[in-house]
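Keeping their order, the protein sequence lines are chains A, B, C and D.
The first sequence maps to residues 1 to 236 in the UniProt record's numbering.
The second sequence maps to residues 1 to 236 in the UniProt record's numbering.
The third sequence maps to residues 1 to 236 in the UniProt record's numbering.
The fourth sequence maps to residues 1 to 236 in the UniProt record's numbering.
Since the hints were derived computationally from the structure, they do not count as laboratory data.
Watch out, some of these pointers could steer you wrong.
Copies of one chain are not kept apart here, so a pair can be met inside one copy or by any two copies together.
Said to hold, decoys possible - Below, computed lysine-lysine pairings styled on DSBU-like, alpha-carbon distance capped at 30 angstroms:
| # | residue 1 | residue 2 |
| --- | --- | --- |
| 1 | K157 | K16 |
| 2 | K3 | K223 |
| 3 | K3 | K212 |
| 4 | K89 | K212 |
| 5 | K16 | K179 |
| 6 | K52 | K155 |
| 7 | K16 | K158 |
| 8 | K157 | K52 |
| 9 | K155 | K20 |
| 10 | K3 | K155 |
| 11 | K20 | K89 |
| 12 | K86 | K212 |
| 13 | K157 | K20 |
| 14 | K212 | K16 |
| 15 | K179 | K162 |
| 16 | K89 | K66 |
| 17 | K223 | K52 |
| 18 | K52 | K212 |
| 19 | K212 | K20 |
| 20 | K52 | K162 |
4 protein chains.
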Amino acid sequence: MRKFTQIKEEAFEGNKLLPKYNLVLFTWGNVSVADHNQGVFAIKPSGVPYEKLDVEDMVVVDFDGKIIEGNLRPSSDTPTHAVLYKHWKDVNSIVHTHSTYATAWAQSLLDIPIFGTTHADHTISDIPCAPPMSDDMIEGDYEYQTGFQILNILKEKKISHKEMEMVLVGSHAPFTWGKTAEKAVYNSAVLENIAKMAYLTRQLNSSSPRLKEALIHKHYERKHGANAYYGQEKKK
Amino acid sequence: MRKFTQIKEEAFEGNKLLPKYNLVLFTWGNVSVADHNQGVFAIKPSGVPYEKLDVEDMVVVDFDGKIIEGNLRPSSDTPTHAVLYKHWKDVNSIVHTHSTYATAWAQSLLDIPIFGTTHADHTISDIPCAPPMSDDMIEGDYEYQTGFQILNILKEKKISHKEMEMVLVGSHAPFTWGKTAEKAVYNSAVLENIAKMAYLTRQLNSSSPRLKEALIHKHYERKHGANAYYGQEKKK
Amino acid sequence: MRKFTQIKEEAFEGNKLLPKYNLVLFTWGNVSVADHNQGVFAIKPSGVPYEKLDVEDMVVVDFDGKIIEGNLRPSSDTPTHAVLYKHWKDVNSIVHTHSTYATAWAQSLLDIPIFGTTHADHTISDIPCAPPMSDDMIEGDYEYQTGFQILNILKEKKISHKEMEMVLVGSHAPFTWGKTAEKAVYNSAVLENIAKMAYLTRQLNSSSPRLKEALIHKHYERKHGANAYYGQEKKK
Amino acid sequence: MRKFTQIKEEAFEGNKLLPKYNLVLFTWGNVSVADHNQGVFAIKPSGVPYEKLDVEDMVVVDFDGKIIEGNLRPSSDTPTHAVLYKHWKDVNSIVHTHSTYATAWAQSLLDIPIFGTTHADHTISDIPCAPPMSDDMIEGDYEYQTGFQILNILKEKKISHKEMEMVLVGSHAPFTWGKTAEKAVYNSAVLENIAKMAYLTRQLNSSSPRLKEALIHKHYERKHGANAYYGQEKKK
């Protein structure tokens, strides 16, 4: 058991952040944390309220979704997480929520346009909304296919998952990811905030323009580029 | 008195959840809990603030609305609860609130369209809005007739109260129900959340499509079907 | 000093409720309480934050706005309160806030239509928005004239201040009143809630109908009529 | 070090107010405080969460943006603050946030119209939105040029920075200022509130008129004019 302690603790801490940042109602969200060396990830058990969660409740699963350790049933979204970890060696945490504004954009089947520098501080592209999948895929292995919806929309838009750490699954809700659980949950909170601002922007001015290219690159580079000067550590 | 202890305690606890989930302002909501064997239910007294409520304040009423036990006047909505319990043997708790977004939909006289999986996790249909009743009915036994408005809209839409545990009463506000007070209040919070997301979805895209049928059934079945795999207990 | 103790205490308690119910930012609201026998009222001092307020800071003023007791300058809205007390012998408390949704309706110069039973539980009419006053009146005794704007809009709409305890002053913000400070503040919170629901209702359906007459009277009468059956006390 | 104690403490206290007033998510905002005699200002370090902030973390910088004291990297917006202090001898504190409603107006590239007295209590003009700068300026010294965008929009609109203590930078977010950190942060909270009310006003009535001139001047003068009668101190 001891070999999974670290990912279980980090997944536990990550899940506890979801209600703290007002990203979930009841049990509607889950955080997982992967150990790529061992080929496993720890994930929230299905349907357990955050306030009753214990580190030992985290379920350890391999990248095919097979349970390796744990007494509870893992999140029903586990196969989606598994697919993404299998394809993304450098992603250590994935978050799924039904946060209100991000979910409204997903239900509207619209990408979130890059309207301002708050958005550009995090990514240079519109946040893509993957279309709902075909009936065949839904009736097959639905949560597994949801992973491929996410992979495919990024491929189609020619956007790397390293640059864009958040996607809307159309008619459903958002997924975000990152190097750590803290970063992946941070991305969920950022997405919800950007989604709300973009909602208000469109209501105020239905022809609000996308942010101009020079500003997109300026803001993204000052935070993430080779010569980044935001924060206290040199980015590389 | 001892024979009503359980329903009074459960009704008390249920009423205390309403302010916790931000579903009520002042005294604008009530929870009841029924004992079908004894043919009675316990309900909040009328106009008493939640923070001053005591278990012993709960009023016990029969399914014709006659007071069986209690020193206070029961909620003015008592006859609505009574009608529903009389018709639904398997419903043990009913909740009425004026929660903001659900009430706005009720005031708009619009069903809440099923726009996403958050909705489909709970029901496969649009959430129906019963039309305001005729003047004759209003001037007669109004709260009693409100119960029939709820029964009739479900009948007309051919939806079972087992599948759909929430209804909007047009120009008025929502009612929800469930097997327990906890579940019935949960449904009120879910409805408010779905109502807000649907509001935002329509504002973003006035032609947002209903969720496709395959997704409606997939999400509902994974939570409520014979082979449900959401949560920790086998559903039957 | 002892003869004003009661109104000062009640005004103090009423002012403390404004931040509790999220009706004010900084110092943007005031509550007064009148003693009609002595012809005076106690009101919040101008520009003092609620958390620094003390009972002894309340300023006692007569119905012509003359300071009777107190070391601080009274609210700049004092002449408006004075005019209303002078005309309404049965009103003991007045509240002014800039609560968000009610103020947005006032800025839109629109009455708040009676869309549902939440509204009808409190009044049978649309909540009137008084038009902005003439330049002459503004440049004269502005706050004094604001009192007449409120009196005049009720007169013009043929609505009694006993039935309608809330008014929007166009381009400005709401005023509410009642028999006690608790009731007058309650009315401010009710107004803000009704204003938000009405906002959402109009956004959802620009042709949402007014509540039908039979429902308006049913809901109002069950709470305020001769045979009222809401709450624990017989209304007269 | 002792000679900067006062501005570091005031800047520290000012930064702590940002989360208190819900003006920031994560680290998205900064407060600075200047000492014009010494030609320096203290500012929040870049990317440090408010709850981990310490007085000693404040970075002291001169009006050309050169670090004078401090172990951390100053806010990336430091050059914007520097430009403004260099031009405004009477401004002692500057605040930058990405507060939700103000940022939505900035993203919409719209001035916030003066719709009501809440707005007029603080300024007599629409709150200006500076246009996004040219590509040359962005690719040059971007944050430095942002300061000039603010100076230029005020010049173009013929508005003094003494009368208007808040500006939207188009596609970006708001800046506010004042005599003290408390006042500058107060202005950020006021701006967010005015921005929300103006948003709701436009949604309710797309042809809501600007506040009439007589009311603009009445409200502004009663708070800020030679004969001001709002608050407890004589304004001069």
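Comparing the hints with the structure gives:
1. K157 <-> K16: neither (33 angstroms within a copy, 41 angstroms between copies)
2. K3 <-> K223: Neither: 35 angstroms inside a chain and 33 angstroms across chains, both beyond 30 angstroms.
3. K3 <-> K212: neither (48 angstroms within a copy, 43 angstroms between copies)
4. K89 <-> K212: neither (33 angstroms within a copy, 33 angstroms between copies)
5. K16 <-> K179: both (18 angstroms within a copy, 29 angstroms between copies)
6. K52 <-> K155: Answer is neither: 39 angstroms inside a copy and 39 angstroms across each miss the 30 angstroms cutoff.
7. K16 <-> K158: neither (34 angstroms within a copy, 41 angstroms between copies)
8. K157 <-> K52: neither (40 angstroms within a copy, 39 angstroms between copies)
9. K155 <-> K20: neither (33 angstroms within a copy, 42 angstroms between copies)
10. K3 <-> K155: Result: close neither inside a copy nor across copies, 35 angstroms intra and 57 angstroms inter.
11. K20 <-> K89: This pair counts as within: shortest intra-copy Cα distance 29 angstroms, inter-copy 39 angstroms.
12. K86 <-> K212: between (36 angstroms within a copy, 29 angstroms between copies)
13. K157 <-> K20: The answer is neither: 33 angstroms in one copy and 40 angstroms across copies each exceed 30 angstroms.
14. K212 <-> K16: Classified as neither; 38 angstroms inside a copy, 33 angstroms across copies.
15. K179 <-> K162: Within. Shortest intra-copy distance 10 angstroms satisfies the 30 angstroms Cα cut-off; inter-copy 44 angstroms does not.
16. K89 <-> K66: within (18 angstroms within a copy, 42 angstroms between copies)
17. K223 <-> K52: The answer is between: 20 angstroms across copies meets 30 angstroms, while 37 angstroms in one copy does not.
18. K52 <-> K212: Neither: 47 angstroms inside a chain and 34 angstroms across chains, both beyond 30 angstroms.
19. K212 <-> K20: The answer is neither: 34 angstroms in one copy and 33 angstroms across copies each exceed 30 angstroms.
20. K52 <-> K162: between (33 angstroms within a copy, 28 angstroms between copies)
The structure shown violates the earlier hints numbered 1, 2, 3, 4, 6, 7, 8, 9, 10, 13, 14, 18, 19.
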